[in-house]
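Q: Each chain sits in its own coordinate frame; assemble them with the hints.
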Amino acid sequence: MPRMNAAQRHGVEFTLNGRKVRAEAENRMLLSDLLRHEIGLTGTHVGCEHGVCGACTVQIDGKPARACLTLAQQVRGSDVRTVEALAPGPAELSPLQAAFRRHHGLQCGFCTPGILMSLDALLRDQPDAGREDIREHLSGHLCRCTGYATIVEAALAAAEEQRKEETTNA
Amino acid sequence: MKPASFDFICPDTLDEALSALAEAGGDGRIIAGGQSLVPMLNMRLARPGVLIDIMRLETLRRIETSGDGITVGAAVRQADLEAWPNLLRDLPLLAAAFPWIGHVQTRARGTVCGSVAHADPSAELPLSLVTLGGAVSLRSRKQKRKVTADDFFIGMMATNLAEGEMIEAVHFPKARPGSGYAFREVGRRHGDFAIVACAAVADDTGLRLGIAGVDDRPRVFALPELDDDQFDDALNDIAWSLNAREDIHASARYRRELVRNLGRETLREASRCRA
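Residue numbers (my numbering), protein chains in the order written: chain A, 1 to 170; chain B, 1 to 275.
With the rest of the complex left out, here is chain B (with noise of 0.2 Å):
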């Protein structure tokens, strides 16, 4: 349970850091607050080369408002973020997420884009970011792109990042007026890992139904507005729809019963949130 051994850079810019990157090729990872990645480098599924250590760079260290989003870059640890003033009213789905994700003790080094970038399939993180609709900047010493978060998510702990790139900030679309949140979990103790968690908003263009822990990757479905019984056969119709997966805690029927019965639940609040 300790890591192989590794070279480790304190780079001082972003410039330095990106090219430490690149010139590690597929050896290299960045290391933000850590809490995903030092049990992956603990128990040694995770072996890499290089580690490029962000956290002294201020310039990922800002959360900034723009128009109608909120950036968060990629040194801003959980407890940053939920400890923002303006977290209630202009993230109040993760407001609301915030408390199960992990612990008091890991939200006070993790950061928000770390955990973005583990793309673990039941973290609480990327369902909302995912939910919202949010975006990931990313970065190499060649260029810059912004990929949607449903696009970055691609698989069990699989994201599109290249090599050589590094998540910049991330991007969450700020809460309209009159829209309504809601986030809910299922999982063996506070703060492990979801077996299934919920996140919906509830605006004037419907309803979205984000969910984690059951495909291998945050999923999120467009619903309608619609009565109780065409409400639980979407809900079913959702349930069926997604690769459930079954594991030592929970079977792929249980998954599939929880979408259906905390995902009308999770519906159900945002509305209530919403009048």
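For reference, chain A alone in the conformation it holds in the complex (with noise of 0.2 Å):
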């Protein structure tokens, strides 16, 4: 039974974008700041550090959830992915964030990330996701700048888009 010291960092691998990484960390830190600050991959970001404002939201083994909830220990082997995962290339954007650009889903961008991570998972679960279930999804975000209209329908729309995709795929 493996005793991790606390004042010592311990090595922590996980599955990070479709990569194997092994990082290092102190027992205390949170997922949040491993990926920001060890890993360098900045664009989950950070908000109120106990649960509430979704911003730090990603997707640990397909579902999401708050990085800043989450010892970076316990990701041992699991599968995370962050915003970084979405977009195909460094010109183009996902379908879900084609239509936060189109519905200007977005205005300072800070609540985006966690966002974007809830919603993907939503319409890959649910690819018939509909109003109310994208309401509920986004009841564990907050956005200061837009309200949640706009992001609504982009998610709306990413949702249609991505069924006529498979329509015509089939």
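Hints in this document: simulated from the structure, not taken from any laboratory. Please read these numbers as outputs of a predicted model, since none were measured by experiment. Check the hints yourself; a few may be wrong.
Under 10 Å between C-beta atoms, here's a sample of chain A residues computed to sit facing chain B [as the list claims (entries may be wrong)]: (1) L30; (2) P64; (3) A65; (4) R135.
Each residue gets a CB set at the ideal place from its N, CA and C atoms; glycine is no exception.
A: This is how it looks when you write it as structure tokens:
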């Protein structure tokens, strides 16, 4: 039974955006800080640090989760995805991101990475998600600029586009 | 907003977890999903010297049906129970309560037993457990014991968990045919802490109303079938018997008013579901 001493840093291995990574973290380090300060992926934003605002939301094993309420050591062996995984290339947005842009689903952009990760998981798990499902998922996020109407419109448009795509491919 | 330092232990067996907990004495805490504990660590309202992670213990990850009850192990996440295929049939009260428990993003990580251990007076899972007349299995290195949910919660974030003890599982009585269940809540925002939450059961023994967010712990009251006037009097008596809290979100008076109105609606809905 490994006991990890508080005074030292300990290795943590997990899959991050499809790649195996190994980082070093003190026991008390949060996943949000590991991602930003140790690994250098600053797309995950940190707002309230007690699970209320949703800015730090990432996906852990496919499910949206608060990086600020997760100790780095708790993701050992897990599959973590951050907002950096969404865009297929440096000059290209994912369909959900593009819909946010078209529908003015963001203004300052601080809350956006977390919202994108929640909605990305929703549209993958429930391709037929409607307005109510989107609002339910958004209730775990705070946006202080735009109001939520344009975010809901963007998500609905992305869901619609995804369904069309699937019909075309089928 | 960062936790103070602590040793971290990842036991491979339940026995190892219980030994580690015993050795840590009052300085040890179990961590499961962390959705209640990590905010406490971040705000340094909790400063354990040792954290023992139980999420890799397969034996605690089970939802089991036995006779007239459902046993939910300490490592079962809220989202796992929410997605359990028999939920609507066997635990309809929980099916109604789940949309109110935190957010999708916290239910994905938080555990059922963790919420019970945290014992927030406005939390939905402790309320549901108390209203259904459930029980909590506690285990230490030396002994196992089972206490009723009503005895388990003793005050504001206080339980009768002893030093060296952890919750091994919680037990929910299975819904019986011909019984009705309902859950209602008023909060500032969907998913926020409840100002008042009500859970109701209607069966052949009468009515039961559970109330969270008002007193320092979830409270449950038995009522006979009453006509409308008597019903309002009974709810008024219940509202005044609670030691209603006053905080930034609501006055004690508003909370009592919610008990009267939300309580009535929840009981009526449970009675309708029974019919």
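Q: The structure should be examined with respect to each hint, and the outcome stated for every one.
A: So, going through the hints one by one against the coordinates:
no.: 1; hint: L30; result: holds (7 Å)
no.: 2; hint: P64; result: holds (5 Å)
no.: 3; hint: A65; result: holds (5 Å)
no.: 4; hint: R135; result: holds (8 Å)
Of the hints listed earlier, there is not a single one the structure fails to meet.
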